[in-house]
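Undergrad: For reference, the chains in residue letters:
Number of protein chains: 2
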Amino acid sequence: MTDQMDDRKARASAWFAELRDNICAAFEKLEDDLDPGAPHGGRNPGRFERTSWKRESTNPADEGQDTGGGTMSVMKGRVFEKVGVNISTVFGNFSPEFAKQIEGAEEDPRFWASGISLVAHMWNPHVPAVHMNTRHIVTTKWWFGGGGDLNPVLKKYRSKETQDARDFHAAYKATCDAHGADYYERFSKWCDEYFFNVHRGEPRGVGGIFYDHLNTGDWKEDLAFTQDVGKAFIEGYVPLVARHMNEPWTEAEREEQLVYRGRYAEFNLVYDRGTKFGLQTGGNVDAILMSLPPEAKWP
Amino acid sequence: MTDQMDDRKARASAWFAELRDNICAAFEKLEDDLDPGAPHGGRNPGRFERTSWKRESTNPADEGQDTGGGTMSVMKGRVFEKVGVNISTVFGNFSPEFAKQIEGAEEDPRFWASGISLVAHMWNPHVPAVHMNTRHIVTTKWWFGGGGDLNPVLKKYRSKETQDARDFHAAYKATCDAHGADYYERFSKWCDEYFFNVHRGEPRGVGGIFYDHLNTGDWKEDLAFTQDVGKAFIEGYVPLVARHMNEPWTEAEREEQLVYRGRYAEFNLVYDRGTKFGLQTGGNVDAILMSLPPEAKWP
Numbered sequence: 001m002t003d004q005m006d007d008r009k010a011r012a013s014a015w016f017a018e019l020r021d022n023i024c025a026a027f028e029k030l031e032d033d034l035d036p037g038a039p040h041g042g043r044n045p046g047r048f049e050r051t052s053w054k055r056e057s058t059n060p061a062d063e064g065q066d067t068g069g070g071t072m073s074v075m076k077g078r079v080f081e082k083v084g085v086n087i088s089t090v091f092g093n094f095s096p097e098f099a100k101q102i103e104g105a106e107e108d109p110r111f112w113a114s115g116i117s118l119v120a121h122m123w124n125p126h127v128p129a130v131h132m133n134t135r136h137i138v139t140t141k142w143w144f145g146g147g148g149d150l151n152p153v154l155k156k157y158r159s160k161e162t163q164d165a166r167d168f169h170a171a172y173k174a175t176c177d178a179h180g181a182d183y184y185e186r187f188s189k190w191c192d193e194y195f196f197n198v199h200r201g202e203p204r205g206v207g208g209i210f211y212d213h214l215n216t217g218d219w220k221e222d223l224a225f226t227q228d229v230g231k232a233f234i235e236g237y238v239p240l241v242a243r244h245m246n247e248p249w250t251e252a253e254r255e256e257q258l259v260y261r262g263r264y265a266e267f268n269l270v271y272d273r274g275t276k277f278g279l280q281t282g283g284n285v286d287a288i289l290m291s292l293p294p295e296a297k298w299p
Numbered sequence: 001m002t003d004q005m006d007d008r009k010a011r012a013s014a015w016f017a018e019l020r021d022n023i024c025a026a027f028e029k030l031e032d033d034l035d036p037g038a039p040h041g042g043r044n045p046g047r048f049e050r051t052s053w054k055r056e057s058t059n060p061a062d063e064g065q066d067t068g069g070g071t072m073s074v075m076k077g078r079v080f081e082k083v084g085v086n087i088s089t090v091f092g093n094f095s096p097e098f099a100k101q102i103e104g105a106e107e108d109p110r111f112w113a114s115g116i117s118l119v120a121h122m123w124n125p126h127v128p129a130v131h132m133n134t135r136h137i138v139t140t141k142w143w144f145g146g147g148g149d150l151n152p153v154l155k156k157y158r159s160k161e162t163q164d165a166r167d168f169h170a171a172y173k174a175t176c177d178a179h180g181a182d183y184y185e186r187f188s189k190w191c192d193e194y195f196f197n198v199h200r201g202e203p204r205g206v207g208g209i210f211y212d213h214l215n216t217g218d219w220k221e222d223l224a225f226t227q228d229v230g231k232a233f234i235e236g237y238v239p240l241v242a243r244h245m246n247e248p249w250t251e252a253e254r255e256e257q258l259v260y261r262g263r264y265a266e267f268n269l270v271y272d273r274g275t276k277f278g279l280q281t282g283g284n285v286d287a288i289l290m291s292l293p294p295e296a297k298w299p
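From first to last, the protein sequence lines are chains F and Y. Each residue of the first sequence is one higher than the one before, starting from 1 at the first, in our numbering. Each residue of the second sequence is one higher than the one before, starting from 1 at the first, in our numbering.
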């Protein structure tokens, strides 16, 4: 059982690294493909830069132990104002207080968690911002989680009825339908519920999918779904960037984008569970807060 | 007892409004006093604009009842990039969950809270940002709380040894010493502990004072102290603005200011109790989040 679980952990981690490579390649290609006459077309195409970090657990139970780490890939380009594609594999012991909140950890605080997390903030206000994340978590139980959601920064695009929102959802729906008859309905609803800014009384974006604690009893199948969710992100998002990245924008649209990003920062700092999980388990602060926008306004 | 408490509530609220008027007048005078040759000296002096709001309680126990409200005073000027001086008086019933966290509310969820809250984000990176707040809260118990803290935006000023930090602390120390031999030591330490950004492992600023649950048994004295804390804020902060507001600054200093403001936003959204109190009691979101910087960067 332990050997099998070790093999599964290795396979899941390897997948997240492979997906990271594929996403970075696709995003660098978008940087290359920007029209010379488009805004920022005269700048050099951006490239990802990687930084690795080791986790420093603050839990005494982890003292002297390797507790994992991760690699941030960050690009500040001409299409992508700031995009982070982070992978991490962390393990050790949950603090007693935190263990109570995590399935399967109350009886044994040891955990292993691996995943990929991505947030892209774009220069062009016509290109939606985006977030995606998939992860595999192992305590005395195991499960997969993740999803992706689209965040148009201009009010005129903040509707599920736009072509962008339809296309983005369609990519996830095809993937969901191939794995579970009710997956798309459940996971897209879950996404809308999760990415809701309660104090503003408004959704963060136009949705996508969100799932957590996925364990059908068939590990291979649940990994396969999670892999397909990662591929669907590339299929769903890259064409939207290509569709809009050459469009000109106005100063007023830039301003609206910066104000929207303030709301985005509010959501991540007040509500986001991944942010809280990271900050509470001694994750790398720069990696966790890579999601915050390069520039934002609260005028 | 009820009549006496009603009178006390009225007196406390009236003080917060008076202090607001005095602060706004002092800040508008700074706007007027900017040197014509200073950065932004060619712009028109700013003026506060007031907006009132009524509280909409989400607690069913408050249905159909007046639950108070407040007035925001906001100035977007040439010295003050964005400053909010908010007063509010809110009352009603705490939600059962929230009542457990508040002293004297577990046995009776009715509360009354009045206060003034101020955050100033300055154009000039040589002028520190600042926060101050004082409040009077009544449940089955009563107490005062508040304080003020100085937030230099450039690293070179982020030390308690600067003239600005010394002068700011000296104003509060004189006030504290006049009211309690141990007040300054206790309340300045409390300030350093409270305004600490745990995930960054760094203080938000260079301190000041912070006190809460102040009830010496002598209501008049505790109000008098709270009034003096408000006056000390004006004496402590206004001269610092005058000292630096005419200094030129560089683009690099502006950039450093914007990055610092990102950290400031993190603190307020992740840790600040006033922010949480407001969002959880159905306070006015614009008033609560007035503290967020007009512009910030996470590069």
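Simulated from the structure, these hints should not be mistaken for lab results. Among the clues, some could well be false.
Treat identical chains as interchangeable: a pair holds within one or across any two.
[Claimed, not checked] Quick list of in silico lysine to any residue cross-link-like pairs, SDA-like style, CA-CA up to 25 Å:
1) K276 x G42
2) K9 x K76
3) K29 x R243
4) K276 x G37
5) K276 x D33
6) K297 x G274
7) K160 x R200
Undergrad: Next step is simple, just say for each hint if it's right about the structure.
TA: Against the structure, the hints:
1. K276 x G42: neither (40 Å within a copy, 45 Å between copies)
2. K9 x K76: neither (31 Å within a copy, 54 Å between copies)
3. K29 x R243: Answer is within; shortest intra-copy Cα gap is 14 Å, inter-copy 52 Å.
4. K276 x G37: Intra 42 Å, inter 47 Å, cutoff 25 Å: neither.
5. K276 x D33: neither (37 Å within a copy, 45 Å between copies)
6. K297 x G274: Classified as both; 23 Å inside a copy, 21 Å across copies.
7. K160 x R200: Only inside one copy: K160 and R200 sit 19 Å apart there, 37 Å across copies, limit 25 Å.
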